[in-house]
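2 protein chains.
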Amino acid sequence: MIKDSNRAGFVNQVVDAIRSVVGTTPVGLHEPTFDGNEWKYLKECLDSSYVSSVGKFVDQFEESLANYTGAKYAISVVNGTSALHIALKLAGVQPGDEVLVPALTFVATANAVTYCGATPHFVESEEGTLGIDVGKLRDYLHSIVETNSSQSINKITKKVIRAIVPMHTFGHPSDLDGLNLISREFNIALIEDAAESLGSFYKEKHTGTIGLVGVISFNGNKIITTGGGGAILTNDKSLATHAKHLTTTAKKPHQWDYDHDEIGYNYRMPNINAALGCAQLEQLTDKLKLKRILFSRYQDAFNSINGLTLFKEPVNTKSNYWLQTIVLNRQNEIFRDSILEECHRIGISARPAWKLLNQLEFFRTAPKMNLKCAEALHRRIINLPSSPSIYAKSIA
Amino acid sequence: MIKDSNRAGFVNQVVDAIRSVVGTTPVGLHEPTFDGNEWKYLKECLDSSYVSSVGKFVDQFEESLANYTGAKYAISVVNGTSALHIALKLAGVQPGDEVLVPALTFVATANAVTYCGATPHFVESEEGTLGIDVGKLRDYLHSIVETNSSQSINKITKKVIRAIVPMHTFGHPSDLDGLNLISREFNIALIEDAAESLGSFYKEKHTGTIGLVGVISFNGNKIITTGGGGAILTNDKSLATHAKHLTTTAKKPHQWDYDHDEIGYNYRMPNINAALGCAQLEQLTDKLKLKRILFSRYQDAFNSINGLTLFKEPVNTKSNYWLQTIVLNRQNEIFRDSILEECHRIGISARPAWKLLNQLEFFRTAPKMNLKCAEALHRRIINLPSSPSIYAKSIA
Numbered sequence: 045m046i047k048d049s050n051r052a053g054f055v056n057q058v059v060d061a062i063r064s065v066v067g068t069t070p071v072g073l074h075e076p077t078f079d080g081n082e083w084k085y086l087k088e089c090l091d092s093s094y095v096s097s098v099g100k101f102v103d104q105f106e107e108s109l110a111n112y113t114g115a116k117y118a119i120s121v122v123n124g125t126s127a128l129h130i131a132l133k134l135a136g137v138q139p140g141d142e143v144l145v146p147a148l149t150f151v152a153t154a155n156a157v158t159y160c161g162a163t164p165h166f167v168e169s170e171e172g173t174l175g176i177d178v179g180k181l182r183d184y185l186h187s188i189v190e191t192n193s194s195q196s197i198n199k200i201t202k203k204v205i206r207a208i209v210p211m212h213t214f215g216h217p218s219d220l221d222g223l224n225l226i227s228r229e230f231n232i233a234l235i236e237d238a239a240e241s242l243g244s245f246y247k248e249k250h251t252g253t254i255g256l257v258g259v260i261s262f263n264g265n266k267i268i269t270t271g272g273g274g275a276i277l278t279n280d281k282s283l284a285t286h287a288k289h290l291t292t293t294a295k296k297p298h299q300w301d302y303d304h305d306e307i308g309y310n311y312r313m314p315n316i317n318a319a320l321g322c323a324q325l326e327q328l329t330d331k332l333k334l335k336r337i338l339f340s341r342y343q344d345a346f347n348s349i350n351g352l353t354l355f356k357e358p359v360n361t362k363s364n365y366w367l368q369t370i371v372l373n374r375q376n377e378i379f380r381d382s383i384l385e386e387c388h389r390i391g392i393s394a395r396p397a398w399k400l401l402n403q404l405e406f407f408r409t410a411p412k413m414n415l416k417c418a419e420a421l422h423r424r425i426i427n428l429p430s431s432p433s434i435y436a437k438s439i440a
Numbered sequence: 045m046i047k048d049s050n051r052a053g054f055v056n057q058v059v060d061a062i063r064s065v066v067g068t069t070p071v072g073l074h075e076p077t078f079d080g081n082e083w084k085y086l087k088e089c090l091d092s093s094y095v096s097s098v099g100k101f102v103d104q105f106e107e108s109l110a111n112y113t114g115a116k117y118a119i120s121v122v123n124g125t126s127a128l129h130i131a132l133k134l135a136g137v138q139p140g141d142e143v144l145v146p147a148l149t150f151v152a153t154a155n156a157v158t159y160c161g162a163t164p165h166f167v168e169s170e171e172g173t174l175g176i177d178v179g180k181l182r183d184y185l186h187s188i189v190e191t192n193s194s195q196s197i198n199k200i201t202k203k204v205i206r207a208i209v210p211m212h213t214f215g216h217p218s219d220l221d222g223l224n225l226i227s228r229e230f231n232i233a234l235i236e237d238a239a240e241s242l243g244s245f246y247k248e249k250h251t252g253t254i255g256l257v258g259v260i261s262f263n264g265n266k267i268i269t270t271g272g273g274g275a276i277l278t279n280d281k282s283l284a285t286h287a288k289h290l291t292t293t294a295k296k297p298h299q300w301d302y303d304h305d306e307i308g309y310n311y312r313m314p315n316i317n318a319a320l321g322c323a324q325l326e327q328l329t330d331k332l333k334l335k336r337i338l339f340s341r342y343q344d345a346f347n348s349i350n351g352l353t354l355f356k357e358p359v360n361t362k363s364n365y366w367l368q369t370i371v372l373n374r375q376n377e378i379f380r381d382s383i384l385e386e387c388h389r390i391g392i393s394a395r396p397a398w399k400l401l402n403q404l405e406f407f408r409t410a411p412k413m414n415l416k417c418a419e420a421l422h423r424r425i426i427n428l429p430s431s432p433s434i435y436a437k438s439i440a
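These protein sequences, in sequence, are chains A and B. Position 24, counted from 1, in the first sequence is what the working numbering calls 68; the numbers after and before it change by one each time, with no gaps. Position 287, counted from 1, in the second sequence is what the working numbering calls 331; the numbers after and before it change by one each time, with no gaps.
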């Protein structure tokens, strides 16, 4: 039994700490700001009349994104989910395959697997990165798969495990060295779900550029936005060409003929969204700085509070700190909902982690490993308001 | 054998007629113009900072679209292809089903069928509407299906024929009374691919509002554009609710929890694209007028040329004349490519109809009926420059 006074004490401490950083006016979880060339480029886009499927901003956005991330190729698409879908297709994921996906991720990671007719196979997370627990996964795979020179087959389901999709949780890079080793040892393609981690680096390399293919999101709640949008990153020229082809209805180039050589998708990013993206990308470095300052202000605020940890970027990584995160100690997990309720009561948009995907009704029969740590993390995580603009507000 | 002088004579006649309407400067097939509140609304959208998945322009666009079309509900999505995908899901199309689709349509109509794990079954077109030939289809269905009180089963493939998707070709309404009868007689859901026909009416009713579900596109080449975008129309409240749910990741409403009750999609239209759409929709009536004037100018230009027909809206319909179309007489079909080549040489973006879908490599094994008329139409159709702005240009 917890005394009400204890409950109130801890909850108030936490909420006061958040308020000391974000101020007293209502604050969203992650809101975009448009302080650069957004208007100029949008106007230029309208004046050119190229707002749709072709136009210079699409090319420019893809080029700038490749430059910034160091990926050889960037293909812009309509959102992160469509980018994941195509990334899985590029990795050869076929109906009947299995794809390793963390249970602790946004539903899109696993939904995209089903779009390919494949099944997600849920894997465990670790506290250090909030990403896939490579050590436990390796042991698990050794116990359930049969590996030959080209692929690994799940001995229980008899399905090919075609790909693994680590997600860089809240912007923090997963253990990519370890995941690369898994990918090689078991012949499983490594696709990085870097939807949340534009601006995050693992040992100097940008997330999304280490696996075979990487995926970025520019949804309105991300560090920069194109309204809705995403991108596919790869260093492989033929995959890049195929990605562009698949996302633009797989039409064969011809001056007027409409001929298509495979089932394609209408996933291209419109030029008007790319125009917004070009302006936003110019401000990414500034936003990253503001988010690191916000992290250190949260550090100051939580410094004297026992019973929780403010999540810090893993060693060997530089995180974009997309969503600032506290992880309650196990004995304090019972306070999570009270903290969330009090936050919402006073207009602070805090939120828990996503419900674990293996617990969603339609994924209950999907294969999974022991998910104890993911389950514990779900009970203990709270995401805090994280807009880069908060720092500016809080010192105003 | 055709004498070269004859060929040159007819080709020149046709090209000169086009040029007399569109002028001598290069002209695209269908280009958008932004003469209204586009800039104002985009600015408002940026100022509000709601550019992404929620915002007032999405609601306003959906409401205006419902008002204009007379549909009870309109759900905006990321493009016409995604609208088709969801429309098919709403109609209950499942893996293993067949869906009747004209062979003469853009590839998205049939691709969307495959996204549901179903197979397109290609059907014949008629000269009068360029849409599905209802009479021939009815006879064909009688010969190949077994119909019970709830569904029709293809006796050859043993698959359920779940839906029929007429496409209103180049904006001209198909025979919707006839299609409705087919839908009822054979228990096949009627989904209207009205991607091209915003502003087109069949007996006073807007296309896309007569079937169970209808689909609109706002791609850059359509009569109005949102950059990229589409909409689902329906008069059924529960289908509308389900459409919104499916297109927004099937998330259950909750202040902070992320729980989903079925496999969903990230298909919502961003607010910034809806802002553009609101401004464009205000100009639709004017654009429709300009397109009818353009048609009558083409009429004047082609009046004295034998050997072709300028396609006119079918009886009982009012077409948006999305793409102006000439249909060469059978003996002149051999001139189609020469006309296209000459047009392109002088900067006029004319184009033929899409390659018939049953002839695409990946649809070659799909079931189909006799497609003689569709094949003939494909050899004879040329789409002409059709931008509403051309009339203004040509009288300038």
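One or more of the hints may lead you astray.
Given that identical chains are not distinguished, each listed pair holds provided it fits within a single copy or across any two copies.
[Claimed, not checked] Computed list of lysine-lysine pairs in DSSO-like fashion (alpha-carbon distance at most 30 angstroms, straight line):
1) Lys84 <-> Lys296
2) Lys412 <-> Lys100
3) Lys412 <-> Lys296
4) Lys295 <-> Lys412
5) Lys295 <-> Lys399
6) Lys84 <-> Lys247
7) Lys356 <-> Lys416
8) Lys180 <-> Lys84
9) Lys180 <-> Lys333
10) Lys416 <-> Lys295
11) Lys199 <-> Lys180
12) Lys249 <-> Lys203
13) Lys84 <-> Lys356
14) Lys288 <-> Lys133
15) Lys100 <-> Lys399
16) Lys399 <-> Lys281
17) Lys116 <-> Lys295
18) Lys356 <-> Lys249
19) Lys180 <-> Lys116
20) Lys87 <-> Lys100
21) Lys296 <-> Lys416
22) Lys288 <-> Lys399
23) Lys362 <-> Lys199
24) Lys296 <-> Lys399
25) Lys133 <-> Lys296
26) Lys281 <-> Lys295
Hints are computed from structural coordinates only; laboratory data are not their basis.
Hints and how they fare:
Proximity of Lys84 and Lys296 under a CA criterion of 30 angstroms is satisfied in neither setting, with 34 angstroms inside one chain copy and 38 angstroms between copies. In this assembly of identical chains, the alpha carbons of Lys412 and Lys100 never lie at most 30 angstroms apart, being 45 angstroms within a copy and 41 angstroms across copies at closest. Only between protomers do Lys412 and Lys296 lie at most 30 angstroms apart by alpha-carbon distance; the minimum there is 24 angstroms, versus 41 angstroms within a single protomer. For a Cα distance limit of 30 angstroms, the shortest separation of Lys295 from Lys412 across copies, 22 angstroms, qualifies, whereas the shortest one inside one copy, 39 angstroms, does not.
Only between protomers do Lys295 and Lys399 lie at most 30 angstroms apart by alpha-carbon distance; the minimum there is 11 angstroms, versus 39 angstroms within a single protomer. When the C-alpha separation of Lys84 and Lys247 is checked against a cutoff of 30 angstroms, the pair qualifies neither within a copy, at 36 angstroms, nor between copies, at 45 angstroms. In this assembly of identical chains, Lys356 and Lys416 lie within 30 angstroms of each other by CA distance solely inside one copy; the values are 22 angstroms within and 67 angstroms between copies. Neither within a single protomer nor between protomers do Lys180 and Lys84 lie at most 30 angstroms apart by alpha-carbon distance, with minima of 50 angstroms and 55 angstroms respectively.
For the identical chains of this complex, Lys180 and Lys333 are neighbours neither inside a copy (35 angstroms) nor across copies (67 angstroms), given an alpha-carbon limit of 30 angstroms. With identical chains, the CA atoms of Lys416 and Lys295 are at most 30 angstroms apart between copies only, with a shortest distance of 25 angstroms across copies and 47 angstroms within one. In this assembly of identical chains, the alpha carbons of Lys199 and Lys180 lie at most 30 angstroms apart only when taken from the same copy (18 angstroms versus 52 angstroms across copies). Within a single copy, Lys249 and Lys203 get their C-alpha atoms no closer than 33 angstroms, and across copies no closer than 51 angstroms, so neither meets the 30 angstroms cut-off.
Taking the closest pair of Cα atoms, Lys84 and Lys356 never come within 30 angstroms of each other, the shortest separation being 37 angstroms inside a single copy and 42 angstroms across copies. Within a single copy, Lys288 and Lys133 get their C-alpha atoms as close as 12 angstroms, and across copies as close as 26 angstroms, so both meet the 30 angstroms cut-off. For the homomeric pair Lys100 and Lys399, the shortest alpha-carbon distance between copies (29 angstroms) is at most 30 angstroms, but the shortest distance inside one copy (40 angstroms) is not. In this homomeric assembly, Lys399 and Lys281 come within 30 angstroms of each other (Cα to Cα) only across copies, at 29 angstroms, whereas the closest approach inside a single copy is 37 angstroms.
Taking the shortest Cα distances, Lys116 and Lys295 sit within 30 angstroms of each other inside one copy (23 angstroms), while across copies they are farther apart (35 angstroms). When the C-alpha separation of Lys356 and Lys249 is checked against a cutoff of 30 angstroms, the pair qualifies only within one copy, where the shortest distance is 19 angstroms, while the shortest distance between copies is 60 angstroms. Taking identical chains as interchangeable, the C-alpha atoms of Lys180 and Lys116 are never at most 30 angstroms apart, the minima being 32 angstroms within one chain and 53 angstroms between chains. In this homomeric assembly, Lys87 and Lys100 come within 30 angstroms of each other (Cα to Cα) both inside a single copy, at 13 angstroms, and across copies, at 21 angstroms.
Taking the closest pair of Cα atoms, Lys296 and Lys416 come within 30 angstroms of each other only across two copies (25 angstroms); inside a single copy the shortest separation is 49 angstroms, beyond that limit. Proximity of Lys288 and Lys399 under a CA criterion of 30 angstroms is satisfied inter-copy only: 21 angstroms between copies versus 33 angstroms inside one chain copy. In the homo-oligomer, the alpha carbons of Lys362 and Lys199 never lie at most 30 angstroms apart, since the shortest distance is 38 angstroms inside one protomer and 61 angstroms across protomers. Taking the shortest alpha-carbon separations for Lys296 and Lys399, only the inter-copy value of 12 angstroms comes in at or below 30 angstroms, while the best intra-copy value is 42 angstroms.
Proximity of Lys133 to Lys296 under the C-alpha cut-off of 30 angstroms is found in both arrangements, the shortest distances being 19 angstroms within a copy and 29 angstroms between copies. In this assembly of identical chains, Lys281 and Lys295 lie within 30 angstroms of each other by CA distance solely inside one copy; the values are 18 angstroms within and 37 angstroms between copies.
Checked against the numbered hints given earlier, this structure breaks hints 1, 2, 6, 8, 9, 12, 13, 19 and 23; the rest are met.
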